[in-house]
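**Student:** Sequence lines, in order, name chains A and B.
The first sequence stops at residue 57 when you use this note's numbering, and every number in between is there.
The second sequence stops at residue 191 when you use this note's numbering, and every number in between is there.
These are calculated hints, taken from the structure and not from any lab test.
All C-beta atoms, glycine included, are put in the ideal place defined by N, C-alpha and C.
It is possible that some hints are incorrect.
[Said to hold, decoys possible] Cβ-to-Cβ under 8 angstroms is the rule here; a few derived chain A residues that face chain B: (1) Ala2; (2) Leu5; (3) Val7; (4) Phe11; (5) Glu25.
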Amino acid sequence: MASHLLVLIVFSTLVSVVFAMLLREDRKARVRFALMTFGAFVLSAVVVGWLMYPFPS
Amino acid sequence: MEREKAIVDERRAGAAIPACLFAFLVPGAGHLYLGRVTKGLAFLGAIGALFALGVLMDAGLQMHLGFDDPLAFLRSLAQMALGVPYFLARAFGFEAGKVTSATYEYGNTFTEVGGLLNILVVLDAYDVAVGRKR
Chain A
1 MASHLLVLIV FSTLVSVVFA MLLREDRKAR VRFALMTFGA FVLSAVVVGW LMYPFPS
Chain B
58 MEREKAIVDE RRAGAAIPAC LFAFLVPGAG HLYLGRVTKG LAFLGAIGAL FALGVLMDAG
118 LQMHLGFDDP LAFLRSLAQM ALGVPYFLAR AFGFEAGKVT SATYEYGNTF TEVGGLLNIL
178 VVLDAYDVAV GRKR
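Chain A on its own, in the form it takes in the complex:
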């Protein structure tokens, strides 16, 4: 897996699943929580990457 974005997506998916199973009890709440956590992971990584763009080294 050489793609940074693919690694980010796989990592976010797996961690979101574990968090959702740990922190929510019913199925609907788990799915919603996992999607929110996944979105937060990916969005925050993209935003932080964008903020660091002017400072490459």
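Assemble the complex: chain A is given as a structure, and chain B must be docked to it using the hints.
**Tutor:** Showing chain B alone in chain A's frame:
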């Protein structure tokens, strides 16, 4: 009524120790032992995938014990929290990883986070065993 509750509490407490032990040894096994199949399989799949992908991405699994390099020690503890898969991977020759690999640090992160998540899973198994959670 009180006596029945005491017996149930005692049984739950009795299940807590093996549940935590199984959960530590294999991610999700504690929940499977307690009959929480969905949760157990989800933990086994997700944490197992984190670890397997980390190893495939050339993670280093060296055991670092001692405080000369505290961060390496903590990193090593996090990986060890994966239980049997960590020690099996070491036994099968995946210990060294590949420092020059482009995905080496990703692999380290995947295996360390997998171990840290497994600690949360062990605590969850305890809560389920004593009846604090479903």
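**Student:** Compare the structure with each hint and give your call.
**Tutor:** Okay, the hints, checked on the actual structure:
no., hint, in the structure
1, Ala2, "holds, 6 angstroms"
2, Leu5, "violated, 12 angstroms"
3, Val7, "holds, 5 angstroms"
4, Phe11, "holds, 7 angstroms"
5, Glu25, "holds, 6 angstroms"
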